[in-house]
Structures are given as C-alpha cells and as structure tokens.
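Q: What follows is each chain in one-letter form.
There are 2 protein chains.
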Amino acid sequence: MENFIYDTPTRVYFGKGQEKKVGEIIAEYGPKKVLIHYGGGSAVRSGLIGLVEECLKAQGIAYVLLGGVQPNPEIKMVRRGIQLCLDEGVDFILAVGGGSVMDSAKAIANGAANPDVDVWDFNMGKAQPKKTLPKGCILMLAAAGSEMSNSCVITDEEQGEKRGYGSPMNRMNFAIENPELTYTVDAYQTACGAVDIAMHTMERYFCPGEDTYLTDALAEAVMKCTIKAGADCIKNPTDYAARANMMWASSLAHNGLTQCGRQFQLVVHQLEHELSGMDPKIAHGAGLAALWCSWARYVYQANIQRFLQWSNHVWNVDVDYEHPEKTILKAIDLQEEYYRAIGMPTSLRELGVGEESLEMLSDRCSRGKTRTLIGYKPLAYEDILAIYRMAL
Amino acid sequence: MENFIYDTPTRVYFGKGQEKKVGEIIAEYGPKKVLIHYGGGSAVRSGLIGLVEECLKAQGIAYVLLGGVQPNPEIKMVRRGIQLCLDEGVDFILAVGGGSVMDSAKAIANGAANPDVDVWDFNMGKAQPKKTLPKGCILMLAAAGSEMSNSCVITDEEQGEKRGYGSPMNRMNFAIENPELTYTVDAYQTACGAVDIAMHTMERYFCPGEDTYLTDALAEAVMKCTIKAGADCIKNPTDYAARANMMWASSLAHNGLTQCGRQFQLVVHQLEHELSGMDPKIAHGAGLAALWCSWARYVYQANIQRFLQWSNHVWNVDVDYEHPEKTILKAIDLQEEYYRAIGMPTSLRELGVGEESLEMLSDRCSRGKTRTLIGYKPLAYEDILAIYRMAL
Chain U
1 MENFIYDTPT RVYFGKGQEK KVGEIIAEYG PKKVLIHYGG GSAVRSGLIG
51 LVEECLKAQG IAYVLLGGVQ PNPEIKMVRR GIQLCLDEGV DFILAVGGGS
101 VMDSAKAIAN GAANPDVDVW DFNMGKAQPK KTLPKGCILM LAAAGSEMSN
151 SCVITDEEQG EKRGYGSPMN RMNFAIENPE LTYTVDAYQT ACGAVDIAMH
201 TMERYFCPGE DTYLTDALAE AVMKCTIKAG ADCIKNPTDY AARANMMWAS
251 SLAHNGLTQC GRQFQLVVHQ LEHELSGMDP KIAHGAGLAA LWCSWARYVY
301 QANIQRFLQW SNHVWNVDVD YEHPEKTILK AIDLQEEYYR AIGMPTSLRE
351 LGVGEESLEM LSDRCSRGKT RTLIGYKPLA YEDILAIYRM AL
Chain Z
1 MENFIYDTPT RVYFGKGQEK KVGEIIAEYG PKKVLIHYGG GSAVRSGLIG
51 LVEECLKAQG IAYVLLGGVQ PNPEIKMVRR GIQLCLDEGV DFILAVGGGS
101 VMDSAKAIAN GAANPDVDVW DFNMGKAQPK KTLPKGCILM LAAAGSEMSN
151 SCVITDEEQG EKRGYGSPMN RMNFAIENPE LTYTVDAYQT ACGAVDIAMH
201 TMERYFCPGE DTYLTDALAE AVMKCTIKAG ADCIKNPTDY AARANMMWAS
251 SLAHNGLTQC GRQFQLVVHQ LEHELSGMDP KIAHGAGLAA LWCSWARYVY
301 QANIQRFLQW SNHVWNVDVD YEHPEKTILK AIDLQEEYYR AIGMPTSLRE
351 LGVGEESLEM LSDRCSRGKT RTLIGYKPLA YEDILAIYRM AL
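Protein chains in written order, with the working numbering: chain U, 1 to 392; chain Z, 1 to 392.
Chain U with its partners taken away, still in its complex shape (with noise of 0.2 angstroms):
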C-alpha cells in the first residue's frame, strides 16, 4: 500500500428539500456578494436560480447572476466569469447545475483569486492555485463527481484542447445534493452520468497498487451500486432510491476514497478528453463508454490476476482458473452489454469519429509524444493509437 493523504473537507447536505438551506449555509461565511453561477435555462425554469435568489436576500447578501455554460465549460465563459467577479467585488461561488457549472465555477474561483496569472496555465499544469475562493454547490446532476473532488476540467474550444488538473484549492467547501433535482434528467444525460461515475471507481481501480484490499472492496461496492442504480434510474426517472443511491455514488467515486494507496491517473478519461475537446457535442460519458471496452481488451493481459477480481467481484463471472482470459473477456463483455442496454455507445463511429482524426487524437493526448499513461501497461504514442483504433 502506498502512503496517501485523505483529504475531503467538502460538507455535503444531502436529501429532500436541502437546497433551500444554501442562504443560511452561505452566511456561515459572511460574503459581500456571491456569484451565482449556472447552465442552460433548465435550472431557471425549475425555478432553482430564483429559490436561491430568494434565499440570499433573505439573508440579505448582494449576489450577482452568470449563466450560460455550456457542456464541456469553456475557457472564455471563465474568462468573463473573473472579470465580473473582480468588477463587482464578488467573495463567494455558487454552482447550480452538472460537472461543467462546478468546473467552471472552480476555475473562476481560482482565476478570481490569483488575478495576476492566467487561469488557462492551471489547466495547462504551467502554474498552481495557491489560494481560491470559498466555493459551493448545488447539484442538478449526478455524473461528474465535481462536487467533492479535486479536479477541475476546461475546455479551450478554439485550440481544441480541453484540460484538467487536481488541486487541494478545488475542492468545493459544501455540496447541497437533492437527488429530487435530478428527476428530468432524461435518460441519455443520466446514463452518461453511470458511465462517468462508475468510471471514476474504475479508473483508480486498475491503477498500478498492492496490498489495498479495503479501498478494492470499496470501489467494487461503488461499481456494482452504480451499474444498479444508473439501470434503476433509467427504468423510472422518478426513483428515489435510484436517484439517491446514484448520486451519492457521483461523489464518492471521485472524492479519493476509492485511491487510497493505490497510483492515480483516469488513463481512460485522458483517451476521451481528446475526443471531446475536439468536438464538444460528444458527451463525456459517451465517449467513456465508446473507448474503456477497448482499452480493457488492449491492456487485460499486462495484469490478469486484477481483471480476474473485477470480472468475479462486480460482474459475478465465475473464474475459469484454467482460462482465465475467457473469464475477464466474459466480464468485459457483460461490461459492453451494459452500456449498450443503458442506451450508451460502444464505437467510435456512433459518436461520428473517424479513422481520420485518430492520430492527431493519438498525438494530442501523448502531448506530442512526450507522455506515457500510467498503468499496469504503461501507453505511449503507439499504444493510444492501438486503442482508438480497436474502438473504431
């Protein structure tokens, strides 16, 4: 087991009716005014944003509005987001939406912050926050895990190059998280999210690390709740047991729980980044679901024995000891299926990529070249290549 530290400082009021505490949350820290920051008019016309607006005043804080962040939240929305925040004296982030809001509620905080560099180095890895702003959140989808986690990802549409980075000054200070709000989610959007929660688990759970058998049990308990719950929500968007259990796993699967003692990378997430950063009409989930199959079936035999526990621990495959390949191919299978049956793409060409774009894809994301992926099989250039192809 390799030394860590755990660090989750994030307060998370979860449940029925939680959000209309965010005046009184918001308080405990004294803003002079508060950014209210959010997507498209779905978290207008819920009637969420004027809620919180009612909230703040009745505690009697200055706020100001910024919507309109797109999916795959990009640089020049967090460009303006700082402005504003500089221009009116604003001391305190509030997100209302998904992954891309929080994101780019992170990136202003940060850029807000440090106003004298330039908030796409963070991305960049060419500097480091060194303090932020106090940041919240109120969770209008479960997938991405920004809520309690330490990354932050943005996307440079006209470089297309989309980036993220882990830092202790991401994490948000409170998460408000109502699986109620997520109702409307319809059923693409919430599937995408299983993929990216889930994934978030599994990314950490096939990175290289001995000895870790509580933080695999616990990662096996969150892809296994998650598979469930992601089906369930689908089957009746109004479950809330679904919901719930569906969104408390988008937090802990991406908090750090599920690493400890174990390397970290999201070596799959770095292979989809490229594809939606170069076209952000690709959802992130999607592309997650199109490329891991792949990735698995390329990398499986550099650690056999690991595949051999995720096919019997979450897929319930009974290990043929004398193959052991059929059992880890049966459970990459099953893994296939799934997403197929949650209406997820397995390919590439359904999300309209081609054998034209792989090596520049390939390219961009071994940064040149100059980058190896971490795994039990470590991927360079050649090997991303291999994987984008098998995806085809």
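Don't read these hints as lab results, they were simulated from the structure. Do not rely on the hints blindly, as some may be mistaken.
Since copy identity is lost for identical chains, a pair holds within one copy or between any two.
[Unchecked claim] Here are the simulated EDC-like pairs of lysine to aspartate or glutamate, each with C-alpha atoms no more than 20 angstroms apart in a straight line: (1) Lys281 x Asp118; (2) Lys21 x Glu322; (3) Lys281 x Glu356; (4) Lys131 x Asp279; (5) Lys224 x Asp156; (6) Lys16 x Glu210; (7) Lys32 x Glu161; (8) Lys130 x Glu24; (9) Lys131 x Glu24; (10) Lys235 x Asp211; (11) Lys130 x Asp186.
Since we're looking at a predicted model, the values are computed, not measured.
We have chain U already, so just place chain Z on it with the hints.
A: Coordinates of chain Z only, in the frame set by chain U:
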C-alpha cells in the same frame, strides 16, 4: 434513504514515516503553544514523544507535555489538562496514542475553549461546545476510530459513569497514521481493536434505514476487511498490509461514511459503556465482543431480512429461505467463533461480571428506566437486562 450531513474534515496523512511531518503540519496552524498529550510509557520508550519534540523545536514551536492518560480516560485528567492549557496559553492539542488519548485531547480542547462550562456537562448532554481548539493526532493503536470520528467518550471513575457525545467540535484537524507504529501492539489489544473497528460499522449497519444499498455495500466491505485484517495482524504483528488495512478501516468505520442515510446510535456500545464504566479494567473491545452475539440473538427476529443480508454478504452463509433463522443463527455463531479465535471473550463471566451487577448496569444503561435504545427492536430496561442475562 434519510437525509444526512456528511462532514469529514480531518486531513489524514497515511503511511510510513508520516509522523516526521508533524512539525510542518502543526506549523500551518501558527500555534503559540502546543500540548503534547499521551498515555503510558510506550509513547516515550518508543522514541515517538522525543521525535515529536524535535519536530516542534525544528519549527520553533513551544510546547508542554502531559502524559499518563489511562484506558477509559478519566475526567480528572481532562480537568488537569484544561487547567494546564489555561495556565500555559496552549492553543493547539496534539494527541499521541490511541482512542483514550484522543478522546482526552478532544475533551481538553473543548474544555479549554469553553472555560465557563463544566466540561463534564458536554458528556452528560447538558451543554454542547460552541467552539474548540485545533487539534491533531499521531495514531499508535487502530481501534477507536477517534482520529476521524465526531465522538468523545470520557469516564468519571468516582461515579462509575462512562459517557460519550457527538459534536463537529470533536473532529481532529489532522490525523497521522503510520501502520508501523502499531507493530508492537500485543495480540489482545490488537483483537480488541479489530472488534471495536468492525463494531462501529456493524452497529450502524443494524440501525433502521431503507434503500441505502451503497452505504450497505461500503459497510459490508469495512466489516469483511476488518475481519481479515484483524486475524492477519494477530498472526503476524509486523504484516504491513494487515496493519495498514486495519488502521484505515479504523478511520472509515467511524467517520460517518457507513451511516449515510440511516438512523444512528451505537447500541451495543451503550451496553458496553456500563461495563467498562463500572470496571475500568475491562477493555472496551473485549466488552463489545462479550455482548454482541447475545444482542444479535435477542433482536434478529425484528428484521429477518436485514440479518439475512448480513449473514450472506459478510459471512458468506448460503441463505436457507425456508428456514431463514437457521441462516442467521449460523452467521452469529461464525461471528462468535471469530471472536474466540482471536482471543476475545464471548460472555460477561469471562470479564468477571456476575448476575449481581446486571440490574444496576441495566438501570444505568436505561438512565434510570427513562431511555430506550433505538433499533429494529427498541430496547428499554427489561430488554437491556435480558441481553445482559443472555450474555452472562
């Protein structure tokens, strides 16, 4: 699933050599003077207290020492610590030891920050601390989970009363967890720790609650891994993987993770506190082992389904749907065999407790017949007495 607040702000530094960072870590809080609080001679003899002193000196941080905390920490020591803090201007508390030292440190931090309140009133539920001093710990024993919990249990030996209370003020700011520091813990104390760790989560698991399948799966993971890790630690006290998984389980079993969405009370803990409150020579973990199986046999019929799930998921007993009671009683027997196998008592007589004490213990545990413990089968005075009798 019930609404909940999840709040685990303790930053954990886990792994080999982490205790050497203690000076740098405490320096972040900019304290004027630190109280180094510890128990018996082993913290000194092992060189750990000396190392802490060196680390603080290297950072130019002043400190005072207070050792001598006993198992089942006493209110007398807490009062002494508070006076020392007030006299010396201490504004940071460092606990070096196990649960007793950590709980004593928490009580001192709360008492010193609220000098106008009698500190025992917090434990008696007559007052709640509104503020506290920042505090951290270096763990020398994996058992109590106090390093991440919101709990603080103190004994008034003169009155024979042992009382715990939960408060956000009881959370450590940081915990340093180096599994190697527990290599010298003897087999009996290691077994007591394994019982206590699993019990923190097992008690949560049997509190009322519905539709918490993610929480359930995480709890089952913690219970199963603790069963394995505890036995492995006793087999080989310097098995790093076993000590590490056990130590990490200690923190997760009691930080709130395994209760999300369920009601909460540590019922068998309440029964046990009367034993070690009456006789401080009784180790808490041993008292729990002596009681749990009798509690389970007394209450299981109130929720057959829940006990069946536990029997199957934790002890891998095949479910006999025609005779579900057989399945459950078999799993309880396996739990009992496990306790015996690691050298724990499974009856009160083994702890020197006889029939003559049972009415007094029941009266105390029911707070003079005014308190009913929660559960699928709520427990009033007569139930408590019946369980003590079954455990004789």
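Q: Does each hint fit the structure? Answer for all of them.
A: To see whether the hints hold, each was checked on the structure:
Proximity of lysine 281 to aspartate 118 under the C-alpha cut-off of 20 angstroms is found in neither arrangement, the shortest distances being 26 angstroms within a copy and 62 angstroms between copies. For a Cα distance limit of 20 angstroms, the shortest separation of lysine 21 from glutamate 322 qualifies neither inside one copy, at 58 angstroms, nor across copies, at 48 angstroms. In this assembly of identical chains, lysine 281 and glutamate 356 lie within 20 angstroms of each other by CA distance solely inside one copy; the values are 18 angstroms within and 75 angstroms between copies. In the homo-oligomer, the alpha carbons of lysine 131 and aspartate 279 never lie at most 20 angstroms apart, since the shortest distance is 32 angstroms inside one protomer and 51 angstroms across protomers.
For the homomeric pair lysine 224 and aspartate 156, neither the shortest alpha-carbon distance inside one copy (35 angstroms) nor that between copies (46 angstroms) is at most 20 angstroms. When the C-alpha separation of lysine 16 and glutamate 210 is checked against a cutoff of 20 angstroms, the pair qualifies only between copies, where the shortest distance is 15 angstroms, while the shortest distance within a copy is 40 angstroms. For a Cα distance limit of 20 angstroms, the shortest separation of lysine 32 from glutamate 161 qualifies neither inside one copy, at 35 angstroms, nor across copies, at 48 angstroms. Proximity of lysine 130 to glutamate 24 under the C-alpha cut-off of 20 angstroms is restricted to the inter-copy arrangement: shortest distance 17 angstroms between copies versus 28 angstroms within a copy.
Taking the closest pair of Cα atoms, lysine 131 and glutamate 24 come within 20 angstroms of each other only across two copies (19 angstroms); inside a single copy the shortest separation is 24 angstroms, beyond that limit. With identical chains, the CA atoms of lysine 235 and aspartate 211 are at most 20 angstroms apart between copies only, with a shortest distance of 17 angstroms across copies and 38 angstroms within one. In this assembly of identical chains, the alpha carbons of lysine 130 and aspartate 186 never lie at most 20 angstroms apart, being 39 angstroms within a copy and 44 angstroms across copies at closest.
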